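Taking our numbering, the leading residue of the sequence shown gets 1, the next gets one more, and so forth.
If you're looking for bench data, these hints aren't it; they were derived computationally from the structure.
Nothing here was measured: the structure is a model prediction, and the numbers come from that model.
It is possible that some hints are incorrect.
[What the hints assert, rightly or not] Straight-line Cα separation of at most 20 angstroms, SDA-like style, residue types lysine to any residue; simulated pairs:
#, residue 1, residue 2
1, Lys211, Thr147
2, Lys213, Asp164
3, Lys211, Glu258
4, Lys211, Arg193
5, Lys213, Glu258
6, Lys213, Asp197
7, Lys213, Leu239
[Stated by the list, open to error] Taking CB as the label site, the calculated pair distances span:
#, residue 1, residue 2, range
8, Pro189, Pro89, 28 to 38 angstroms
9, Arg202, Thr107, 42 to 52 angstroms
10, Ile223, Pro109, 23 to 33 angstroms
11, Gly108, Pro228, 47 to 57 angstroms
12, Ala226, Ser204, 19 to 29 angstroms
13, Gly156, Asp103, 35 to 45 angstroms
14, Ile87, Leu239, 23 to 33 angstroms
15, Gly108, Pro225, 14 to 24 angstroms
16, Thr147, Tyr190, 22 to 32 angstroms
17, Asp197, Pro89, 17 to 27 angstroms
The C-beta atom is built at its ideal place from N, Cα and C for all residues, glycine as well.
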Amino acid sequence: MREIGAQIHLSEVDHHLARMLEIHRDAVANCRLHLPQPPIGLRRMPHQHARFQNPCHHRLALLKERLVPEKPDLAALVGSRICHDLISPIGAIGNGVELMLMDPGSTGPEMALITESVAHANARIRFFRIAFGAAGPDQRIGRTEVTAVISDMTHGGRVTIDWDSPTDLPRRDVKRVFLLILCLETALPYGGRISIDRNDTRWSLQASAAKMKVAPRLWECLINPAAPAEIGPAQVQFLLVPEEISRQHRRLTTELAENQIRLSF
Numbered sequence: 001m002r003e004i005g006a007q008i009h010l011s012e013v014d015h016h017l018a019r020m021l022e023i024h025r026d027a028v029a030n031c032r033l034h035l036p037q038p039p040i041g042l043r044r045m046p047h048q049h050a051r052f053q054n055p056c057h058h059r060l061a062l063l064k065e066r067l068v069p070e071k072p073d074l075a076a077l078v079g080s081r082i083c084h085d086l087i088s089p090i091g092a093i094g095n096g097v098e099l100m101l102m103d104p105g106s107t108g109p110e111m112a113l114i115t116e117s118v119a120h121a122n123a124r125i126r127f128f129r130i131a132f133g134a135a136g137p138d139q140r141i142g143r144t145e146v147t148a149v150i151s152d153m154t155h156g157g158r159v160t161i162d163w164d165s166p167t168d169l170p171r172r173d174v175k176r177v178f179l180l181i182l183c184l185e186t187a188l189p190y191g192g193r194i195s196i197d198r199n200d201t202r203w204s205l206q207a208s209a210a211k212m213k214v215a216p217r218l219w220e221c222l223i224n225p226a227a228p229a230e231i232g233p234a235q236v237q238f239l240l241v242p243e244e245i246s247r248q249h250r251r252l253t254t255e256l257a258e259n260q261i262r263l264s265f
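Construct all of the structure, not just a fragment, from the sequences and the given hints.
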């Protein structure tokens, strides 16, 4: 019964969207739109022009996305749960280390190593929480939080990340960018620089280094998810990116060079 009800609901959504997108034959003729075949569900619409057809399909997909509830992202929910359960005890360990450092006799190289390791683990968990965790359509995240997470994660490391973006951003956008950062990190085992820029609604990422290690099959997965490639746990982000980009109805472009990688969506 639930399945039948869901089908009826979807058919009603399609019907209402079709009525919303109906265009009179004369109005289309005046615009000189000559389209070969009308899409399913749209009446009195002579279809002759791809530039008219594609925007309609895009708007139809966006409207349906708003009206039809999203299916829960199981992988993101699992990521959020794991990070949520780990971040509290790691933070408690950090607080304990700070209390120990208040004792003058507790200073030493071993305490410095513990402090650095706890800080790095904390930063990594916060980064993973955004990259792999759940992100609602209305959730937003401030630039201060984003830059703090990136700064803490790259502190003392070989990779430098330059973040240039507005103050307030959709959490889903930051999630996609963080996943792409993880992809770029795989090509920078010897260190390098990642620059991130946002122009209006388009994101651009660029990684550069004197020496890079690029696995073409992994990068092929970003634009062709069906491409055969052996993916291990350390490369799982290459499987998640295409799905996240498609949810935004965007297209990811990649440019691979000897000392540079450019991504945009």
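Status of each hint after checking the structure:
1. Distance restraint check for Lys211 and Thr147: the Cα-Cα separation of roughly 26 angstroms exceeds the 20 angstroms cut-off, and the hinted pair is therefore not satisfied.
2. Between Lys213 and Asp164 the CA atoms are separated by roughly 25 angstroms; this puts the pair beyond 20 angstroms, and the hint is violated.
3. At most 20 angstroms may separate the alpha-carbon atoms for a hinted pair to count; Lys211 and Glu258 meet this at roughly 8 angstroms.
4. Between Lys211 and Arg193 the CA atoms are separated by roughly 11 angstroms; this keeps the pair inside 20 angstroms, and the hint holds.
5. Between Lys213 and Glu258 the CA atoms are separated by roughly 9 angstroms; this keeps the pair inside 20 angstroms, and the hint holds.
6. This hinted pair does not check out: Lys213 and Asp197 have alpha carbons roughly 23 angstroms apart, beyond 20 angstroms.
7. Restraint check: the Cα-Cα separation between Lys213 and Leu239 comes to about 19 angstroms, which is no more than 20 angstroms; the hinted pair holds.
8. Remark: the range hint 28 to 38 angstroms for Pro189 to Pro89 is upheld by a beta-carbon distance near 30 angstroms.
9. As the Cβ distance of Arg202 to Thr107 is approximately 49 angstroms, the hint placing it in 42 to 52 angstroms holds.
10. Under the hint 23 to 33 angstroms, the C-beta atoms of Ile223 and Pro109, about 47 angstroms apart, miss the expected range.
11. A hinted range of 47 to 57 angstroms holds for the C-beta pair Gly108 and Pro228, which are about 51 angstroms apart.
12. As the Cβ distance of Ala226 to Ser204 is approximately 26 angstroms, the hint placing it in 19 to 29 angstroms holds.
13. Checked against the hint of 35 to 45 angstroms, the C-beta distance between Gly156 and Asp103 comes to roughly 25 angstroms, which is inconsistent with it.
14. One distance hint, 23 to 33 angstroms for the beta-carbon pair Ile87 and Leu239, holds here, with the actual separation near 24 angstroms.
15. Range check, Gly108 to Pro225: about 50 angstroms between beta-carbon atoms, so the 14 to 24 angstroms window is missed.
16. Range check, Thr147 to Tyr190: about 25 angstroms between beta-carbon atoms, so the 22 to 32 angstroms window is met.
17. Between Asp197 and Pro89, the C-beta spacing of about 36 angstroms breaks the proposed range 17 to 27 angstroms.
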